[in-house]
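K.L.:
Residue numbers (UniProt numbering), protein chains in the order written: chain Y, 1 to 342; chain U, 1 to 342; chain G, 1 to 342; chain B, 1 to 342.
Mixed in with the good hints, there may be bad ones.
Identical copies look the same in the list; a pair holds intra-copy or inter-copy alike.
[Said to hold, decoys possible] Simulated pairs of lysine-lysine, DSBU-like, Cα-Cα distance not exceeding 30 Å: (1) 249 with 93; (2) 249 with 221; (3) 208 with 38; (4) 221 with 60; (5) 249 with 124; (6) 93 with 115; (7) 188 with 249; (8) 60 with 208; (9) 188 with 38; (10) 60 with 188; (11) 249 with 208; (12) 221 with 208.
Since the hints were made in silico from the structure, they are not lab data.
Chain by chain, the residues:
Number of protein chains: 4
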Amino acid sequence: MTQNVAILGASGYTGAELVRLIATHPSMRIVALSGDRKAGMRMGEVFPHLRHLDLPVLQKIEDIDFSAVDLAFCALPHGTSQPVIRDLPSDLKIVDLSADFRLRDPAEYEKWYGKPHVALELQKQAVYGLTEFYRDEIRSARLCAGTGCNAATGQYALRPLIEAGVIDLDDIIIDVKAGVSGAGRSLKENLLHAELSGGTMPYSAGGKHRHLGEFDQEFSKLAGRDVRVMFTPHLMPFNRGILATVYVKGDAAAVHEALAARYADEVFLEVLPFGQVASTRSIAGSNYVHVGVVADRIAGRATVTVALDNLCKGSSGQAMQNANLMLGLEETAGLMLAPVFP
Amino acid sequence: MTQNVAILGASGYTGAELVRLIATHPSMRIVALSGDRKAGMRMGEVFPHLRHLDLPVLQKIEDIDFSAVDLAFCALPHGTSQPVIRDLPSDLKIVDLSADFRLRDPAEYEKWYGKPHVALELQKQAVYGLTEFYRDEIRSARLCAGTGCNAATGQYALRPLIEAGVIDLDDIIIDVKAGVSGAGRSLKENLLHAELSGGTMPYSAGGKHRHLGEFDQEFSKLAGRDVRVMFTPHLMPFNRGILATVYVKGDAAAVHEALAARYADEVFLEVLPFGQVASTRSIAGSNYVHVGVVADRIAGRATVTVALDNLCKGSSGQAMQNANLMLGLEETAGLMLAPVFP
Amino acid sequence: MTQNVAILGASGYTGAELVRLIATHPSMRIVALSGDRKAGMRMGEVFPHLRHLDLPVLQKIEDIDFSAVDLAFCALPHGTSQPVIRDLPSDLKIVDLSADFRLRDPAEYEKWYGKPHVALELQKQAVYGLTEFYRDEIRSARLCAGTGCNAATGQYALRPLIEAGVIDLDDIIIDVKAGVSGAGRSLKENLLHAELSGGTMPYSAGGKHRHLGEFDQEFSKLAGRDVRVMFTPHLMPFNRGILATVYVKGDAAAVHEALAARYADEVFLEVLPFGQVASTRSIAGSNYVHVGVVADRIAGRATVTVALDNLCKGSSGQAMQNANLMLGLEETAGLMLAPVFP
Amino acid sequence: MTQNVAILGASGYTGAELVRLIATHPSMRIVALSGDRKAGMRMGEVFPHLRHLDLPVLQKIEDIDFSAVDLAFCALPHGTSQPVIRDLPSDLKIVDLSADFRLRDPAEYEKWYGKPHVALELQKQAVYGLTEFYRDEIRSARLCAGTGCNAATGQYALRPLIEAGVIDLDDIIIDVKAGVSGAGRSLKENLLHAELSGGTMPYSAGGKHRHLGEFDQEFSKLAGRDVRVMFTPHLMPFNRGILATVYVKGDAAAVHEALAARYADEVFLEVLPFGQVASTRSIAGSNYVHVGVVADRIAGRATVTVALDNLCKGSSGQAMQNANLMLGLEETAGLMLAPVFP
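Produce the complete structure using the sequences and hints provided.
P.N.:
As structure tokens, this is what we get:
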């Protein structure tokens, strides 16, 4: 049976990516699109690559009739989602792509996002959306909080290792190379082609990036003790893809084994043969994740590399996978697209 | 009913693109893959982005059992296709992606490709694969000759204008901006990232590009007289997409009308509102074609812009569309993927 | 003797390029820099690549003491230059990089720039800054008006051909591929890396680009009759460089000869051997211009390609060359930097 | 007085970069160029961006008359330099850009480069070319061995920290992002634009990269004990620039202080204000190095970022700086070019 969905915040990149995925989804139909500043425009005007699709005109959220909507994707900016979702019909299923419901502890939310949470009662209901690790909870959730794209990438490398107890928890370094679409469609000098192309630099270095809140929460919960990682993202001169190079202390073979075992039955997780490395080019445009493990020449050290598409598996693809679960559909529906190369 | 296909020459970019399209095709199954120098390798080793797919190991062509194959895609280099196809079972349907069967006149073939054709009897059977203009012939063809990617782009701009008689046939200029994947996976200095990125230059300027053979053949046939265009392709620092900027003499409104009328019922052809221009970013990764018409300030002159993805609609997507027709499948099967942006 | 210069509008790309050139200029010293919104900042904060240089702090223009300044480069936005220059000391030499003083006819200025000129008396004094064609006038000018970057590129291809009378004046097409730095440091969606990289599209198509005002003025003046060209610029996914592909009717050998003869003694103009094409990669970062001529297979048609660096020879390098002339310095001083490749 | 130099191996990127630097060098003249497979060609044919320069035709090395040559730059592939240099006149000064004379211990050379050294007596004379740390030895050297580009980058971050004793020597991680020109002009699939652009991946992960031989040698010598670092380079979709993100255990303020103190008098080393990060875009095209230090949220941890241009300061610029010293010229001659941005 076809499920009716709405996309709130459809004029950003994650909104467009949801539309792209739904275009070949066998049982999902878009019945409403919102885009506040662009209300009244057709999606093909905002995103010419979607002009061939027959889509509803962009509306203001308050003008949407949610009575026939089965699930709403909420792709609004951080901070905006809280009041919007609070005011939606209480029986509407929601997959939120913002950071607003990721952190369980309101103090942590305030610390990383700089202001108090305004929908705490909702935050309690929210389930963290890293599908492979919260599948059962997501299936029965009303509100699913999508993860940060860097946070997802790092967790795919590290969760199985923490669970298996094969690495030193006090010496974890996550060096991330992040495609620029993760920064959204925002008008900033450092995101201009003239400034960004042809080079790279770190940002939010030194433990300032907000996705650390997710790492802290999830890794500490898994380990049963406080875990703090070093994490430096770098802005990359490409549009799609995140590569995490994760440096750990532990036996490399055990590290590989833990990852291979944990992901053996996961459709979207590909653990490469021992000694191989992940490449963002091999997953771009898809919901797949590549995971590689290399032993270092220094005994007891390993390098784990993880690549995923920040807009797909790191955001809208993950959202779709979770929506499928929440709607009782095949989990992989609409998500089996192969990566685009070259 | 599922159709069994083979891909000959699967280790090149067009081969990989065929696999990508078949990955979500509802009724096509790959039963054989060839790659001479890479025989014995798995596709995931040759193209890591395809490693999640369950595919046959690469074989030598002579080792393939064609008895259970319904159709073979032939993605071999120019010149190689002729003897290979000549030796295939005579009841096997074939979609050839090379240049070997595009030109009807053996003298023209020899002129543009530098050696005599060695399978002239097959060339007679071959149907030119520009789907929207040869659909009926393709449906009943045994051998379909895929077009050149630049040749397709230029023809989408010009065929309806020649048919409608709205432009001067003696003053046509096609300035093409071509993504580098069109050059294939060949090891040449000018295709290295260090040489190609960050700039542009023309190639085969002055009427030397082989796709002119197709322009000459098709435009002259349509016009009922010799038509010769100026055509300069430029090597672009991006991977997918061709933009043709076509300069014509004719009434711009009539030009737009001719294109809009001709493509009104075509699923993959999008004629933009009058005055808008096409962008390669809006079609990359898909089988769609965008066509725009702008009136010049000089009366009686117009600029037509056409964008398509050289690997998809310009090559493997076209091949798939034609294969669907030849196999009696839905023409658009496996091809409704939305473009990937950003 | 060292000449003291000021740069007004130093926080844009052309301002930064002037500073780069002066860094190795043997006899020019920067004594003042203006940047209205960034007044009070050091240049190294605005442009970290210049942080090693010992430069004046950015000021507001009204705070600059011009008494010790020999020449001011004015790199302000179009429209802003007129009132600013009008109020500068009347004995100060000025090289303006904006469009404000390029067009001799006030009606033409208003037509292309949308508002009346407010410093008409100055416009009369201004000399058009295409060095190789206005060298003597520039040497004795007080105010030199830098050309548009596309306008310079097109003129390098066409002026000698019009002068020599070797082409048809009614059938000239200039197809330009322009690096994005030409659009400046402005915050627009289409200039974001995520939107611009990986593809191309035309802009200002159909005779709407402002540099047509310069083509009209200069070509008509040269020809002694009205000349109107077709001109379509394309936004390119690279930062530096313009390639003009110019389609003309005329004998290709005569075309090549006219260009070779005209530029034989010009240091920065390199006419390539007949049959070769220009590449932006071969001139990026330098003040050199490459000019190529290819004969078409259609008799009487030729393709001229011209490549230059829009920020250097197309703007700040040209400004420096003109400033050298106006200050009685060696014309090539500070400009002999070789292109940067790869 | 003008010094006569030869460049052996001038047809590669480092050879071209040397020519670029010499083009504006006040007292160096190129009297011979070698390029074995391209002997007989002009440099402008091999590298069109150098066509405006008046340069000797490429020769075979054995055809060069070294009697009037003061210094030879040897930009040959690894392994080739040894026999070539062995056969050069024994009074000729040589700056070698290959890896052949970097490692003092022949066993280490054989371990990393896979074959025995064939010019051991020369290796004894060779001085390691990291100018800021071997200046005096270089000044009086006959043979200077240029460093690896990654090796230089990592050492600029770490040498002062090891010297000052402010970091834990057993927990050093160097994550490098390396522009593709470092791989040279070699024809490999992974260096093609179509494969490399638009993404990233690590290479030589796990302690396999040859520049580790230099790290081991230099860091151990400095520390007076064995030091082994983890080092993972990543192939970047840009042409020029290396960014090293170095993770260390130590007090961040002390780390910054050690770097600032050590480089206070170095012309090309810019230590950024505490808390800032380096960007490759800020040094590309120049001989400058940017060094940044950020304190981590975890006490006692710091991230050091270093950016330099692999072809300039990481290779040919370093070679020039060393040649200047060896020839008694101003150390910075020809090297004060400002970075090229955007």
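K.L.:
Check the structure against each numbered hint from earlier and tell me which ones fail, lowest number first.
P.N.:
Hint check: 1, 4, 5, 7, 8 fail, others pass.
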